[in-house]
Amino acid sequence: MSLLATNNATSTGSTSSLAGIIATKPDLAPSIVFIVAFALLAPLAAWRLVSTASRSVVLIRPAVFVLIRIGTYIVRAIEANGNYSTGIIATELVLLSTGTILLAEPLVELIKRLLETHIPYDGPAVPDRKGRIQRKDEVGLLSRIVKIALIAIIAVSIYSSTKVGDAFKDPDAAKTVALTRKIAAIILVVVLAIAALGLLYFHMKHTLPSRALYFLFMIALLLEVTAAYRLASAAGDAGARNHIAFWLASALPEWLVTAAFFSTNLNILIPPKPLTAQGPGAYAMTQQAEPHHQGQYPDPYAQHRV
8 MSLLATNNAT
18 STGSTSSLAG
28 IIATKPDLAP
38 SIVFIVAFAL
48 LAPLAAWRLV
58 STASRSVVLI
68 RPAVFVLIRI
78 GTYIVRAIEA
88 NGNYSTGIIA
98 TELVLLSTGT
108 ILLAEPLVEL
118 IKRLLETHIP
128 YDGPAVPDRK
138 GRIQRKDEVG
148 LLSRIVKIAL
158 IAIIAVSIYS
168 STKVGDAFKD
178 PDAAKTVALT
188 RKIAAIILVV
198 VLAIAALGLL
208 YFHMKHTLPS
218 RALYFLFMIA
228 LLLEVTAAYR
238 LASAAGDAGA
248 RNHIAFWLAS
258 ALPEWLVTAA
268 FFSTNLNILI
278 PPKPLTAQGP
288 GAYAMTQQAE
298 PHHQGQYPDP
308 YAQHRV
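Numbered according to the working numbering, the sequence shown spans residues 8 to 313.
Simulated from the structure, these hints should not be mistaken for laboratory data.
Mixed in with the good hints, there may be bad ones.
[What the hints assert, rightly or not] Using C-beta positions, here's what the derived DEER-type ranges look like: (1) Leu-56 / Ile-158: 35 to 43 Å; (2) Thr-59 / Leu-255: 21 to 29 Å; (3) Trp-254 / Asp-179: 28 to 36 Å; (4) Ala-60 / Lys-182: 47 to 55 Å; (5) Ile-39 / His-213: 45 to 53 Å; (6) Tyr-166 / Lys-32: 17 to 25 Å; (7) Ser-217 / Asp-179: 29 to 37 Å; (8) Ala-242 / Ser-270: 43 to 51 Å; (9) Met-211 / Ile-251: 36 to 44 Å; (10) Asp-177 / Leu-51: 19 to 27 Å.
[As the list claims (entries may be wrong)] Listed next, the in silico BS3-like pairs over lysine-lysine satisfying Cα-Cα at most 27 Å (straight line): (11) Lys-154 / Lys-32; (12) Lys-212 / Lys-32; (13) Lys-212 / Lys-280.
Backbone N, C-alpha and C fix where the C-beta goes; we use that ideal spot for every residue, glycine too.
Please model the entire structure based on the sequences and the hints provided.
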């Protein structure tokens with residue numbers, strides 16, 4: 008009996024919930040579609056990373072995500088063709104569980120950049136190891152909470168990945184993988200909700216630039232859809248095992264987020280904050296000296312254009 012058949016024969020339990028994400032024959036066509044869709048983003052990602060005007064470390068993780076998702080849907084196409092070996096299924100589980108964090112982390116970094124650029128700060132200017140200012144206000148607190156949560160997701164995902172190989176033959180390992188997938192999904196849902204609500208909260212207090220606000224809020228909502236689907240899938244929800252639900256609630260939002268990252272010049276939409284002064288209060292002085300408010304962004308790369 009094949010691995011898929013063995014697991015589908017189990018109507019309840021951790022192993023059955025894991026088998027719910029395995030691709031079958033109807034998944035072949037959408038797998039090919041998304042292989043092509045992500046492959047089309049690869050040249051755009053490369054151009055953004057090499058172009059002086061749009062180059063940003065924020066885009067490195069989404070670029071890696073493009074490669075991961077191409078690999079993910081190649082694996083799903085192989086499964087849809089009838090190959091249900093343990094290695095193939097384990098690879099898919101790892102790729103699916105570790106991929107989305109590569110989109111959530113850039114979102115958090117961009118939110119932090121937007122808030123630090125547009126919200127004055129006159130507290131103690133304590134630099135970290137890289138010389139970046141560590142804010143001791145609400146913005147700094149939000150940033151630290153979300154960063155810690157993302158680190159927790161990464162740690163849980165790595166631990167889960169070490170158990171995937173045994174998940175379909177060891178009931179205890181299957182329970183561990185199911186539990187860690189659920190924990191990671193819960194944390195991600197909460198993190199994205201905090202990010203979206205944090206944006207609205209600070210916008211009401213400080214009136215953030217509308218274009219950047221809408222962009223980041225859209226990203227947060229799309230990723231929240233994916234995170235909610237992952238949570239439902241990890242919890243064994245029958246609706247989440249629907250093949251159409253996977254493509255509409257997981258694959259499509261991820262592609263839209265990735266396309267948004269690479270179709271936008273983030274250095275113009277949300278410019279990095281230059282820190283030229285030192286000492287307490289210097290950060291606020293730098294902000295006051297630069298006309299960043301009310302959506303007026305200086306283009307730091309204008310000198311590179313003709």
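Hints, verified against the model:
no., hint, in the structure
1, Leu-56 / Ile-158: 35 to 43 Å, "violated, 25 Å"
2, Thr-59 / Leu-255: 21 to 29 Å, "violated, 38 Å"
3, Trp-254 / Asp-179: 28 to 36 Å, "holds, 32 Å"
4, Ala-60 / Lys-182: 47 to 55 Å, "holds, 50 Å"
5, Ile-39 / His-213: 45 to 53 Å, "holds, 46 Å"
6, Tyr-166 / Lys-32: 17 to 25 Å, "violated, 33 Å"
7, Ser-217 / Asp-179: 29 to 37 Å, "violated, 51 Å"
8, Ala-242 / Ser-270: 43 to 51 Å, "violated, 34 Å"
9, Met-211 / Ile-251: 36 to 44 Å, "holds, 38 Å"
10, Asp-177 / Leu-51: 19 to 27 Å, "violated, 42 Å"
11, Lys-154 / Lys-32, "violated, 40 Å"
12, Lys-212 / Lys-32, "violated, 52 Å"
13, Lys-212 / Lys-280, "holds, 20 Å"
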